[in-house]
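Peer 1: The listed protein sequences derive, respectively, from chains A and B.
To convert, note that position 222 of the first sequence is 1232 in the working numbering; the numbers rise steadily by one, no gaps.
To convert, note that position 270 of the second sequence is 273 in the working numbering; the numbers rise steadily by one, no gaps.
I should point out that these hints are in silico values taken from the structure, not numbers from a laboratory.
All residues carry an ideal CB built from backbone N, CA and C; glycine is no exception.
Hints are supplied without guarantee of correctness; some may be wrong.
Claimed, not checked - For each label pair, taking beta carbons as the anchor points, the in silico distance ranges come out as:
1. I329(B) to A1148(A): 19 to 29 Å
2. F404(B) to E1243(A): 42 to 52 Å
3. I1211(A) to P384(B): 40 to 50 Å
4. F301(B) to K1025(A): 37 to 47 Å
5. I1211(A) to F301(B): 31 to 41 Å
6. I1230(A) to N372(B): 18 to 28 Å
7. K1025(A) to I18(B): 40 to 50 Å
8. K1025(A) to R11(B): 17 to 27 Å
9. F655(B) to I1230(A): 41 to 51 Å
10. A1148(A) to Y633(B): 29 to 39 Å
11. A281(B) to K1199(A): 40 to 50 Å
Claimed, not checked - Taking beta-carbon pairs under 10 Å as the criterion, some of the chain A residues facing chain B (in silico):
12. G1065
13. F1085
14. D1087
15. R1221
Stated by the list, open to error - Over the 12 Å line for every Cβ pair with chain B, so calculated as not near, a few chain A residues:
16. T1071
17. R1094
18. N1106
19. N1116
20. E1118
21. D1122
22. K1218
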Amino acid sequence: MSTIIEFKNVNKEYKSGDHILKAMDNVNFTIDEGEFVVILGPSGAGKSTLLNLLGGLDSVTSGQIIVNGQNVESFNDNQLTEYRAKNVGFIFQFYNLIPNLTSLENVELMKDIVDVDINGLDVLDSVGLKDHASQFPAQLSGGEQQRVSIARAVAKQPTMLLCDEPTGALDSKTGVLILNLLQDMSNNKNTTVVIVTHNAILAEAADKVIRIKNGQIESIVINENPKKVTDLEW
Amino acid sequence: MLAKKMVRDIKNHKIQFISIFLMAFLGVYVFVGFGAESFGFEETANQYYGETNLADGWIYTSNLDKDFVDKVNDLSLTKDLERQLVVNSIADFKNDPDITLHFLEDDDISKFYLIKGDEFDLSDGDGVWLDIRFAEAKNLTVGDDITFELNGVEITKEIRGLGYSPEHLYQTSDSSMIPDYDKMGFAYMSHKAFPLGEIPYNVLLVKYDGDSASYEKQLDNDLGRDYSSFLPRAQHPSFAEFQDETDQHKMMTDVIPVIFIVIAMLTLLTTMTRIINAQRTQIGVLKALGFKNRTIMFHYISYGFWMVLAGGILGFVLGPLTLPPIMFEEMADLYSIPYWLTGFDMSFVIVTVLMVVLAALVSYLACRNIVNESPSSAIRPKAPKITTFGFLEKFGIWNKFSFNVRWNYRDAKRNKFRALMGIVGVLACTLIIVASFGCMDGFDEMKDWAYGDINHYSSKLVLEDNATASQIDYVVGEVDGEKLMESAIEIKANDVKKSGVVTVLDDNNLYTPTDDEKNPIEIKDSEISLSKKMSQLLDVEVGDTVKWHIMGSDKWVSTKIDRIHSDPNSQGIIVTKEKLDDLGLDYTTTSIISSKDVTENYTGVKTIFSMDSLTDSWDTMMESSMSIIYMLAGFAALLSVIVLYNLGLLSFTEIKREFATLKVLGFKSSHLRKLLLTQNLWFTTIGFIIGVPLGREVLQYLWGTMGDSFYLNAHISLKTIIITFLIVYVVSILVNLMFSGKIKRLDMVESLKDNE
């Protein structure tokens, strides 16, 4: 498997007055294509910062982020927008669906930004929501909304799915369903999935577990035999 | 500590709070400022007329002897009366200015208002009290001598005092259609100053109880119409002109500032509600921490309260201080009046207080809704409103719409009130601008109509009263002219009496009566034509009968109306010379009109008007209204900037999270800008489309109140529509541009975190 993401000596600092906060301190790691990666760490460790940098929502203070051979940190605003559009599928803790659009429209919205032939109904079908195509987000349960948001993310066929606490707002049963769906994307469709969470149990299901603490990499563990999400003890 | 929170909240949302302040200020400023001006007109007139004891009516007759005075005095309604001789004279200056001389028997009614010099003295036969505006124009002062020519007799008097007269608040003369103090004026003298033996008084000034109609009835019944005419106050030219002006201002300043204050209030209230709703989770937190409901409510009510209060008070104070003086300065050119009062009305206070109270009330209501929820529910963001399928989605075409269209349609549908406010804001702006510029269109249209379609000569030679037939015929031959008779008349029907003009045609080609569409019409020898406005005032139509007489003659005639013509600034009757003869009325040529540019002075000709001077006079007269128009249009544009920006800000705050999501998903800033712009343009277009015809309605209403002598159908020119379109759309796009920076700088990470 080829390396698709590489963090090289990445530093991220936030300045507030005279105080400098190091959110990312000399971080190095690689992620291979199709890998199911779990990033673990206590709150404030820098998990979200890492995801934001990788997703092109924020820029590094120093270091390199290489995705598909391109230096993301060197992109300007327009290039970043295009990078997000083509490479990144975001999945948020609170779904962030467009409330004005139906499930189907939320998915087909992606046609406006990428040049991919999207059959919205098929994509919704793949997350088991074909029957809810014409419902608005407010009419769906949390789990259903998150599934629409996954459908929206995969519809544009991104290089990677970046998930920030995707089950944080869901009950455990629904959470398992969502995580299972994400694992399937990785296993069956060779989509790279990066999940940020503080739930250590998920580590057993990951191909690779990156633990961070105080903005630094604590450990990187590769699971030779990751478990199925559904087999985990929740 | 909560006060600290408030100060920081205001600091963090300063633009929002500044706009609340501005809306409160602008609404009250315009309402109270323009109100103070128009109420000031009324108060000025009331006080001035009161101080000078202006006559209630004027009885004109040639044999005003003691006997007649006693008879009038014996009428039960008469309170007071005094005689005057009012005659025209020419002062001894190069330009032969017309001076109206008043020789007074007494000095209790329509008194001279002294500014400089000695009080008026009835026993003084050598002094004169002169029009101060004329004196200023001629550099005359107390102690100077002045000479008048009166029926061929020269009289020279020493100026004892300078001042104003309530009967000459507005003055024109034969040589000047608009007040030109270099060419005209008035002078008051004692009866002892009259040079030619016994004084032939010709006007009886009366003060009476009750209304003019009942007084006139008593005059008619008890005196048997032994006088030539009676002029009640309402028909006195100076009084009527000022009254018309007052009405015009009242109209302009009644309707438009009310629209203003309503829009300002609506936007203000929307904003207040939204600001508080945005604080929902914080309210929940405060509750959860154990703050009393009352404390929380008080905190949030005081939020906007101080801003609205400050804006309202500032507008209340600055409006009357700044707006009326600008207007009064314009008016001073037209009206000769010693002082201008800034008016006051309880509505000023009521509106200001109402605004502050309403702002507090909506804050209270919005806050109460949230406070009444349990802290655990308030602490969570409000569940999003459920969007439902609407009308448009039922059609297949919906799926063909772009995301832009769908998103905006649904956003507007989900935020109906905000959408409505946006539309109403633009609508009000459009309406005010259309009505204001429509006024200008109308003035131009009237000018073209009156001095293009109807009067299309190059020169008008106004004849002396005593010009002889041979003098007239000579001039007609010399200038290749046409004779015209225009005389003041009184006209009655349905118990309504109005002043007007009879125009008598004598085969005229340079004067063409027109219909409502400005097309020429021919008045046949047997026909009587009544002007449209007069027919409306008298409530008569073709086939009805009106009674009228020429001023200065007692002979009333009853005539059937054969035709209705339309004239923008001269209301009354048009007949041919033949018809006038048939009616047994005397024909007197009052002017000669010619297609030549006449400059030579002929005997028997009093003044020559060129078409240019007539249109110039017209322009000057209309200028006084222009400043109001420009100011209103300016304020309208300003208001719409504030309203649109404010609404933009509100919607931006509300959709920030959505925009951040879209940005994360890979939408370009330009794409998002287009989303906002589309919505703005939709609202602008709807507001504009409704605003233009509504503006026309307002304009029509304004024309109707312009005074008895004016008539016009409201037309909105293409130019006005284009100007309005440009202003409204430029404002809309400008406001949108103000947001493009915000979209670009939108911090995705923060915005997404904010709402979680």
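Peer 1: Determine for every hint whether it applies to the structure shown.
Peer 2: Hint check results:
1. At about 54 Å, the CB distance of I329(B) to A1148(A) disagrees with the hint of 19 to 29 Å.
2. Here the CB-CB span from F404(B) to E1243(A) is close to 49 Å, well matched to the stated 42 to 52 Å.
3. Checking the proposed 40 to 50 Å range against I1211(A) and P384(B) shows it is violated: the Cβ atoms sit about 29 Å from each other.
4. Checked against the hint of 37 to 47 Å, the pair F301(B) and K1025(A) passes, with Cβ atoms roughly 38 Å apart.
5. Between I1211(A) and F301(B), the C-beta spacing of about 48 Å breaks the proposed range 31 to 41 Å.
6. The beta-carbon spacing between I1230(A) and N372(B), approximately 52 Å, falls outside the hinted interval of 18 to 28 Å.
7. Separated by about 26 Å at the C-beta atoms, K1025(A) and I18(B) break the suggested range of 40 to 50 Å.
8. At about 21 Å, the beta-carbon gap between K1025(A) and R11(B) stays in the expected band of 17 to 27 Å.
9. Between F655(B) and I1230(A) the C-beta distance comes to about 42 Å, which sits within the given range of 41 to 51 Å.
10. Separation of A1148(A) from Y633(B) is about 49 Å and departs from the stated range, judged on CB atoms against 29 to 39 Å.
11. Between A281(B) and K1199(A) the beta carbon distance is about 41 Å. The supplied range of 40 to 50 Å therefore holds.
12. Of the supplied interface hints, the one on G1065(A) holds, with its beta-carbon coming within about 7 Å of a beta-carbon of chain B, less than 10 Å.
13. Of the supplied interface hints, the one on F1085(A) is violated, with its beta-carbon coming no nearer than about 13 Å to a beta-carbon of chain B, more than 10 Å.
14. The interface hint given for D1087(A) holds, since its Cβ lies 8 Å from the closest Cβ of chain B, which is under the 10 Å cut-off.
15. Below 10 Å, beta-carbon pairs count as interface contacts, and R1221(A) has none with chain B, the closest being about 22 Å; its hint is therefore violated.
16. For T1071(A), the requirement that its beta carbon stay farther than 12 Å from each beta carbon of chain B is met, with the minimum near 15 Å.
17. A beta-carbon of chain B comes within 12 Å of the beta-carbon of R1094(A); the shortest separation is about 4 Å.
18. A beta-carbon of chain B comes within 12 Å of the beta-carbon of N1106(A); the shortest separation is about 4 Å.
19. Here N1116(A) does not stay apart from chain B, with its beta-carbon only about 10 Å from theirs, under the 12 Å limit.
20. At roughly 8 Å, the least C-beta separation between E1118(A) and chain B is not larger than 12 Å, which violates its mark as non-interface.
21. Non-interface status of D1122(A) relative to chain B is broken: a Cβ of that chain comes within 12 Å, the nearest being about 5 Å off.
22. Separation of K1218(A) from chain B is adequate, the least Cβ-Cβ distance of about 24 Å exceeding the 12 Å criterion.
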